[in-house]
Amino acid sequence: MENQIKEQKKDLLILAIESSCDETAASVVKNGREVLSNIISSQIALHTLYGGVVPEIASRKHIEKINQVIEEALKEADVTLDEIDAIGVTYGPGLVGALLVGVAEAKAISFARNIPLVGVHHIEGHISANFIENKMLEPPFACLVVSGGHTHLVAVKDYGEYEILGRTRDDAAGEAFDKVARAIGLGYPGGPKIDKISKEGNPDAIVFPRAKVAEAQYDFSFSGLKSAVLNYINGCQMKGEKIITADVAASFQKAVVDVLVEHAMRAAKEFGFQKLAIAGGVASNSSLRQAMEEACRENKIEFYHPSPILCTDNAAMIGAAAYYEFLKGTRSGLNLNAVPNLKLGER
Amino acid sequence: MKILALDSSGMTASVAVAEDEKLLAEYSVNYKKTHSQTLLPMLKEIADMIELDLNTVDAIAVAGGPGSFTGLRIGSATAKGLGLALKKPLVHVPTLEGMACNLFGTDRLICPMMDARRDQVYTGIYEYQDGTLAVLEDQMAVSVEEIAEKLNRYGRAVILLGDGAAAYQETLAKLLNVSWKMAPANLNRQHGAAVAVRAMDYIRMGKTETAMEHQPDYLRVSQAERERSERFGKQKEQQNDIR
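Going down the list, the sequences are from chains A and B. The numbering of the first sequence is the working numbering, which starts it at 95 and goes up by one. The numbering of the second sequence is the working numbering, which starts it at 27 and goes up by one.
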């Protein structure tokens with residue numbers, strides 16, 4: 095009996111590894127919600143030279159950094175592998191060569207030390223980032239995941255149980271930020287740069303389209319908006335009119351934010367969600383946060399968002415997701431493969 | 027000295043455990059390239075069969091390149107993970123040296139070739155001198171014509187092996203004017219056992235590295251870097267023209 099109680103009280107430590115895109119990251123997470131360490135080695139400076147992430151360069155950088163990042167994560171958490179109860183690793187979606195580094199490394203450690211392995215969906219990680227700073231947040235809630243590679247409106251029904259309500263039909267929201275930033279000469283990465291310059295611009299200066307997808311009311315489309323911005327710039331150049339970069343950026347950003355907020359609110363109301371969270375790199379956009387917070391307040395919905403460090407790709411969020419998957423009994427074998435187009439909720 | 031060796035540089039995936047003069051186990055598969063799914067299960071299989079206590083391994087050896095970029099990283103990440111978890115050193119064995127070790131005892135030159143695409147092969151030239159593998163031409167990425175010319179210059183009989191030799195056999199037959207033979211199926215691809223044997227040479231020379239230090243040797247920059255430097259080269263040329 096006493097043993098049983100001890101067993102129940104035992105803390106669960108997850109070592110998490112993330113290498114799906116251009117951040118090599120490792121983290122130790124206690125009981126799914128307490129981050130003991132969160133180490134991120136970013137490659138942004140390297141990819142800036144190419145105007146975007148170069149998969150082969152990203153993969154090479156991952157293999158260079160991965161052991162250092164893992165060792166730092168263990169050291170900062172002040173634990174050894176002996177104390178780790180499970181290893182969580184992102185196995186998709188993402189760049190296949192990049193994912194493979196984390197997956198092969200995680201499998202080798204799991205095999206060598208006989209530590210259970212849990213493959214984690216990258217988006218599940220982003221959603222779970224919200225658990226870390228909001229200890230009381232529990233499903234069900236709605237979550238808008240917006241990043242450079244993803245735009246998903248998700249119903250989080252329970253831990254590890256998702257229904258995708260809407261997704262982008264073309265560009266991801268963050269991708270649209272990157273492309274527009276490049277077009278107006280701001281460079282890569284576009285999100286933070288547009289966010290910053292927009293503060294000096296007039297968001298109502300230019301009216302860009304808010305696209306709707308006819309047969310799927312929660313889906314998104316950003317490629318038309320991107321083209322509208324490019325057409326506007328071309329038009330100005332042909333007419334010899336001066337382009338006010340800050341106004342273009344602010345107006346573009348408002349068009350994106352309006353659509354994201356409107357979709358999220360409509361879904362929350364229709365499905366009766368009392369709570370709404372945002373996640374992913376674009377979730378640290380100040381304008382999106384502000385607009386979503388206001389809309390939630392008006393509609394009496396509780397609003398959750400992670401700190402910027404947990405919005406960007408990181409391993410702490412993978413640790414949080416792995417914890418709940420581990421509790422559900424999810425285990426991955428030594429044949430775990432990277433799945434670049436892995437669907438949320440599929441294994 | 028017990029060595030755990032991995033090679034996933036090409037189409038063949040191979041794992042082996044060797045102890046001094048004895049090969050305890052080797053598992054090689056040359057069938058579709060699914061190394062990310064198969065390499066660790068293969069390792070587990072032989073470890074279970076020989077009841078291997080991983081803590082008794084002295085070093086992890088890996089074919090560190092050249093090879094398929096992704097294949098190399100699967101091998102290297104696996105070796106790095108094992109090294110980190112077991113706190114053991116790594117031995118980086120150049121892929122082509124490992125392959126050359128398949129042909130111990132010959133007095134011919136040994137020339138392994140891996141298909142490197144873009145009309146090139148990864149290759150090197152080796153020979154056994156008094157029972158020890160000597161590197162005559164270190165591994166490189168060159169055209170088939172270039173390696174044939176080098177071999178012709180040596181003017182010595184040679185044994186060829188590797189998927190590059192197989193892929194370019196017709197061209198080589200035309201270009202080579204030295205006596206050449208293809209190694210047979212049991213010797214003409216990557217072998218974990220050969221990586222282990224070469225690793226022991228490296229350990230004797232004191233050439234080990236930490237799991238953290240290790241990274242593959244691709245012999246080639248990425249396509250994006252190559253195109254970027256070509257662009258810059260052109261820009262510089264144009265600037266020079268203008269001047």
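You may find that some hints are simply not true.
What the hints assert, rightly or not - What follows is a list of derived Cβ distance ranges for each label pair:
{"id": "1", "chain 1": "A", "residue 1": "R391", "chain 2": "B", "residue 2": "E239", "range": "48 to 56 Å"}
{"id": "2", "chain 1": "A", "residue 1": "K437", "chain 2": "B", "residue 2": "E239", "range": "32 to 40 Å"}
{"id": "3", "chain 1": "A", "residue 1": "L421", "chain 2": "B", "residue 2": "M75", "range": "43 to 51 Å"}
{"id": "4", "chain 1": "B", "residue 1": "E256", "chain 2": "A", "residue 2": "S136", "range": "45 to 53 Å"}
{"id": "5", "chain 1": "B", "residue 1": "F258", "chain 2": "A", "residue 2": "N208", "range": "47 to 55 Å"}
{"id": "6", "chain 1": "B", "residue 1": "A192", "chain 2": "A", "residue 2": "L140", "range": "31 to 39 Å"}
{"id": "7", "chain 1": "A", "residue 1": "P234", "chain 2": "B", "residue 2": "F258", "range": "31 to 39 Å"}
{"id": "8", "chain 1": "B", "residue 1": "T132", "chain 2": "A", "residue 2": "N208", "range": "36 to 44 Å"}
{"id": "9", "chain 1": "A", "residue 1": "K422", "chain 2": "B", "residue 2": "S169", "range": "48 to 56 Å"}
{"id": "10", "chain 1": "B", "residue 1": "E251", "chain 2": "A", "residue 2": "E396", "range": "41 to 49 Å"}
{"id": "11", "chain 1": "A", "residue 1": "K104", "chain 2": "B", "residue 2": "F258", "range": "43 to 51 Å"}
{"id": "12", "chain 1": "B", "residue 1": "M231", "chain 2": "A", "residue 2": "K251", "range": "58 to 66 Å"}
{"id": "13", "chain 1": "A", "residue 1": "M230", "chain 2": "B", "residue 2": "F258", "range": "22 to 30 Å"}
{"id": "14", "chain 1": "B", "residue 1": "T132", "chain 2": "A", "residue 2": "D105", "range": "53 to 61 Å"}
Rather than coming from a laboratory, the hints here were simulated on the basis of the structure. Idealized CB from N, CA, C, for every residue including glycine.
These are the hints, each one checked on the structure:
no.	hint	in the structure
1	A:R391 - B:E239: 48 to 56 Å	53 Å, holds
2	A:K437 - B:E239: 32 to 40 Å	38 Å, holds
3	A:L421 - B:M75: 43 to 51 Å	34 Å, violated
4	B:E256 - A:S136: 45 to 53 Å	27 Å, violated
5	B:F258 - A:N208: 47 to 55 Å	50 Å, holds
6	B:A192 - A:L140: 31 to 39 Å	37 Å, holds
7	A:P234 - B:F258: 31 to 39 Å	54 Å, violated
8	B:T132 - A:N208: 36 to 44 Å	43 Å, holds
9	A:K422 - B:S169: 48 to 56 Å	55 Å, holds
10	B:E251 - A:E396: 41 to 49 Å	48 Å, holds
11	A:K104 - B:F258: 43 to 51 Å	57 Å, violated
12	B:M231 - A:K251: 58 to 66 Å	60 Å, holds
13	A:M230 - B:F258: 22 to 30 Å	54 Å, violated
14	B:T132 - A:D105: 53 to 61 Å	60 Å, holds
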